[in-house]
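Participant: Now for the letters of each chain:
There are 2 protein chains.
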Amino acid sequence: MKNQIILEPIGVIHTPHGQIEGMPVQPAGAAGFTGKAVIKKEYVEGLTDLDGFSHATLVYHFHKAEGYVLMPVPFMDTKPHGVFATRAPKRPNHIGMSTVRILSVEGDTVTFDGADMLDGTPLIDVKPYFPKYDSPPDSKSGWLDTAAHKQCCNVRSDNRFM
Amino acid sequence: MKNQIILEPIGVIHTPHGQIEGMPVQPAGAAGFTGKAVIKKEYVEGLTDLDGFSHATLVYHFHKAEGYVLMPVPFMDTKPHGVFATRAPKRPNHIGMSTVRILSVEGDTVTFDGADMLDGTPLIDVKPYFPKYDSPPDSKSGWLDTAAHKQCCNVRSDNRFM
Numbered sequence: 000m001k002n003q004i005i006l007e008p009i010g011v012i013h014t015p016h017g018q019i020e021g022m023p024v025q026p027a028g029a030a031g032f033t034g035k036a037v038i039k040k041e042y043v044e045g046l047t048d049l050d051g052f053s054h055a056t057l058v059y060h061f062h063k064a065e066g067y068v069l070m071p072v073p074f075m076d077t078k079p080h081g082v083f084a085t086r087a088p089k090r091p092n093h094i095g096m097s098t099v100r101i102l103s104v105e106g107d108t109v110t111f112d113g114a115d116m117l118d119g120t121p122l123i124d125v126k127p128y129f130p131k132y133d134s135p136p137d138s139k140s141g142w143l144d145t146a147a148h149k150q151c152c153n154v155r156s157d158n159r160f161m
Numbered sequence: 000m001k002n003q004i005i006l007e008p009i010g011v012i013h014t015p016h017g018q019i020e021g022m023p024v025q026p027a028g029a030a031g032f033t034g035k036a037v038i039k040k041e042y043v044e045g046l047t048d049l050d051g052f053s054h055a056t057l058v059y060h061f062h063k064a065e066g067y068v069l070m071p072v073p074f075m076d077t078k079p080h081g082v083f084a085t086r087a088p089k090r091p092n093h094i095g096m097s098t099v100r101i102l103s104v105e106g107d108t109v110t111f112d113g114a115d116m117l118d119g120t121p122l123i124d125v126k127p128y129f130p131k132y133d134s135p136p137d138s139k140s141g142w143l144d145t146a147a148h149k150q151c152c153n154v155r156s157d158n159r160f161m
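Top line first, the protein sequences correspond to chains A and B.
Letter by letter, the first sequence follows residues 0 to 161 in numbering that gives the first Met the number 0.
Letter by letter, the second sequence follows residues 0 to 161 in numbering that gives the first Met the number 0.
Since the hints were derived computationally from the structure, they do not count as laboratory data.
Some clues are possibly wrong.
The list cannot tell twin chains apart, which means a pair is met if one copy fits it or any two copies do.
Keeping only pairs whose Cα atoms sit at most 25 Å apart, straight-line, the calculated DSS-like set for lysine-lysine is [what the hints assert, rightly or not]: (1) 63 <-> 139; (2) 35 <-> 63; (3) 89 <-> 78; (4) 39 <-> 131; (5) 40 <-> 131; (6) 78 <-> 35; (7) 139 <-> 35; (8) 89 <-> 40.
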C-alpha cells in the first residue's frame, strides 16, 4: 500500500457560502443554491458529453477541515456516530462528495443546483451520475433513516467541524 | 487554492481481482464478488453504526492507473467521451468510488458485495449511502442511458487503462 496519495485540484467550486456557519447540509438541503465548478484550462476537454447528464457527483477537498473526530455528533442528529457512518468533514481524509443537478456545461464551467460546499472549495473530480451504479434499490440507512431524515432540508451547519 | 492535497489510506480493499483484465465494471456488474475493506487499527472506532446501513460508497485510489486520457473510450461504449462524463480510471486524479452492499461490519473489516476494484486497492474513505443525498429522482444519464446500460452487467475490463 502506498503511504501517500498526492492529488492536485482540477479546478475550484464557487458557491454563495463564504463561511461554514449557516450552510445547508447536503445537496438535498441546498436546492436553490447555485454553484459553479470551474475546471482548469488543461482539463476542459474532459467535460465533453457531461451535458447529457442531469446529475454529477462532485468530489472535493474539505479544505477548511483540520484533523478528524472518530465519533462526531453530525448535524443531522444529537448522538455521536462513527465518522464512516456520517458525512462529517473532520474525517481521516478530508474528501467530500455531493451529487448535484447540472444546470449547464459551458466552456470551463459546470453550473449546478444544490451547492452545499464552501466558496473556494478545491475540486478533485467530477463523476457522471448513473442510477444503475449509484442508486441501489431496497437500501436502508441506519441512524439517518430513523433519527433525522425528515428534517434534512432545514438543517444548517454550525462551527463544530471548523 | 492549495496546490496539493495529500491523503493517506485508511486501509486496504481485498477482492478476488488480482489483475485488471477481466474485472467486472462497476458494482452493478460485480454482484457475487465479495470484497473486504480492512481499516487501520487507529480508525476502527469510526466504523461504529455503519452496520445499520445496507450500502456504503467506498472511495479509493486507482493505484495501478498512470496518467490520464481526456477523451477515453470507456468499457461501456465504442465511442470516446470526456473523462468527466465517464468513470474511467485514467483521470487527472486517480480517485474511484463504488457504492456497494454491506454484508457485515466486524472489527476492522467491512465485508461487501459488488467488488469491482483490484485486490490491494488503497481505501481512502467510507461514506454511508443515503438515498435522499445520493439518489436524485428523474435523472438522465446521457451516453450511458443510450449506448450501453443494457449491457452493463456483462462488460469486463481489459488493459486499456493500465
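Participant: Flag every earlier hint the structure violates by its number, smallest first.
Facilitator: 1, 4, 5, 6
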